[in-house]
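S.K.: What follows is each chain in one-letter form.
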Amino acid sequence: EPEVTQTPSHQVTQMGQEVILRCVPISNHLYFYWYRQILGQKVEFLVSFYNNEISEKSEIFDDQFSVERPDGSNFTLKIRSTKLEDSAMYFCASSPVGAGELFFGEGSRLTVL
Amino acid sequence: GENVEQHPSTLSVQEGDSAVIKCTYSDSASNYFPWYKQELGKGPQLIIDIRSNVGEKKDQRIAVTLNKTAKHFSLHITETQPEDSAVYFCAASINNAGNMLTFGGGTRLMVKP
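Going line by line, the protein sequences match chains A and B. Number 34 in this note's numbering belongs to position 34 of the first sequence; there are no gaps in the numbering. Number 56 in this note's numbering belongs to position 56 of the second sequence; there are no gaps in the numbering.
Please keep in mind that the hints were generated in silico from the structure rather than gathered at the bench. Here the structure is a predicted model, which means the values were calculated and not measured. Hints are supplied without guarantee of correctness; some may be wrong.
As the list claims (entries may be wrong) - Below, in silico cross-link-like pairs of lysine-lysine (DSSO-like), each with a Cα-Cα straight-line distance of 27 Å or less:
1. A/K78 x B/K42
2. B/K22 x B/K68
3. B/K68 x B/K42
4. B/K57 x B/K37
5. A/K42 x B/K37
6. B/K68 x A/K42
7. B/K58 x B/K112
8. B/K71 x B/K57
9. B/K57 x A/K42
10. B/K68 x B/K58
11. B/K42 x A/K42
12. B/K71 x B/K58
13. B/K71 x A/K42
14. B/K57 x B/K22
15. B/K22 x A/K42
16. B/K37 x A/K57
17. B/K42 x A/K83
18. A/K42 x B/K112
19. B/K112 x B/K42
20. A/K57 x B/K42
21. A/K42 x A/K57
22. A/K57 x B/K71
23. A/K83 x A/K42
24. B/K68 x B/K37
25. B/K57 x B/K42
26. B/K37 x B/K58
27. B/K57 x B/K68
The shape of chain A in the complex, shown without the other chains (with noise of 0.2 Å):
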């Protein structure tokens, strides 16, 4: 069964660093997007990634964060600058269509020293 992975599945960083977290999406997949999840608290919403640029993001989603889907098949998260408050489990996810199931892959742990 076609599956979303991530990598690294845990990346332990310092503060002010740069991290670029992976994610290969199924592949007849067109709608890609990063979810992230704070020890404890909820999946929230990052940005959704549709025809080579971003249709969606949230608050959280600010100059720190950008996206970029390099060679058509990879799908990238990178956090320019990493704060403590990156910390947290980061979830890709693709569907097939917009308004269609998504698929998440099993998360990337981010750990900001």
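Place chain B on chain A using the hints.
M.R.: Okay, now just chain B, sitting in the frame of chain A:
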């Protein structure tokens, strides 16, 4: 924006009993309500969803009901089994392109054999 509240936060039942998880939402424009199951170390997985043009949907032991007037929806699991033990999340969205989901806080369901 949309706010989704979910209750209870933890639920313990005996194997074979039923489990009910309830969610309320705030934005009357929301029209898509999925339920996700998250097992330890994995990403959320869709188990059932309902759109605002129906009041109830059933899939084997799982059913979801929606009351648009009261802005609440519920997940019902009958004949619970130990493998139903997981964290369950409700979510809501205005189902346009992008499918930006607002999640509830999650319910940890424990099914005791």
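S.K.: Are the hints correct? Go through all of them and say.
M.R.: These are the hints, each one checked on the structure:
1. A/K78 x B/K42: Cα-Cα ~22 Å, so holds.
2. B/K22 x B/K68: holds (14 Å)
3. B/K68 x B/K42: violated (31 Å)
4. B/K57 x B/K37: holds (17 Å)
5. A/K42 x B/K37: At roughly 14 Å apart (the allowed maximum being 27 Å), B/K37 and A/K42 satisfy the hint.
6. B/K68 x A/K42: This hinted pair holds, its Cα atoms lying about 23 Å apart.
7. B/K58 x B/K112: Distance ~24 Å between B/K58 and B/K112 Cα, so the pair holds.
8. B/K71 x B/K57: Distance ~16 Å between B/K71 and B/K57 Cα, so the pair holds.
9. B/K57 x A/K42: holds (25 Å)
10. B/K68 x B/K58: Roughly 18 Å separates the two Cα atoms, so the pair holds.
11. B/K42 x A/K42: Distance ~16 Å between B/K42 and A/K42 Cα, so the pair holds.
12. B/K71 x B/K58: With a Cα-Cα distance of about 19 Å, the restraint between B/K71 and B/K58 holds, given a limit of 27 Å.
13. B/K71 x A/K42: Holds. B/K71 to A/K42 sits at ~19 Å (cutoff 27 Å).
14. B/K57 x B/K22: The given pair, whose Cα atoms are some 15 Å apart, holds under the 27 Å limit.
15. B/K22 x A/K42: holds (16 Å)
16. B/K37 x A/K57: Roughly 24 Å between the alpha carbons, so the hint for B/K37 and A/K57 holds.
17. B/K42 x A/K83: Answer holds: B/K42 to A/K83 is near 25 Å, not above 27 Å.
18. A/K42 x B/K112: holds (26 Å)
19. B/K112 x B/K42: Roughly 21 Å separates the two Cα atoms, so the pair holds.
20. A/K57 x B/K42: The hint holds at about 24 Å.
21. A/K42 x A/K57: holds (17 Å)
22. A/K57 x B/K71: holds (25 Å)
23. A/K83 x A/K42: holds (19 Å)
24. B/K68 x B/K37: holds (23 Å)
25. B/K57 x B/K42: With Cα atoms ~26 Å apart, B/K57 and B/K42 stay inside 27 Å; holds.
26. B/K37 x B/K58: Holds. B/K37 to B/K58 sits at ~16 Å (cutoff 27 Å).
27. B/K57 x B/K68: Holds, at roughly 14 Å.
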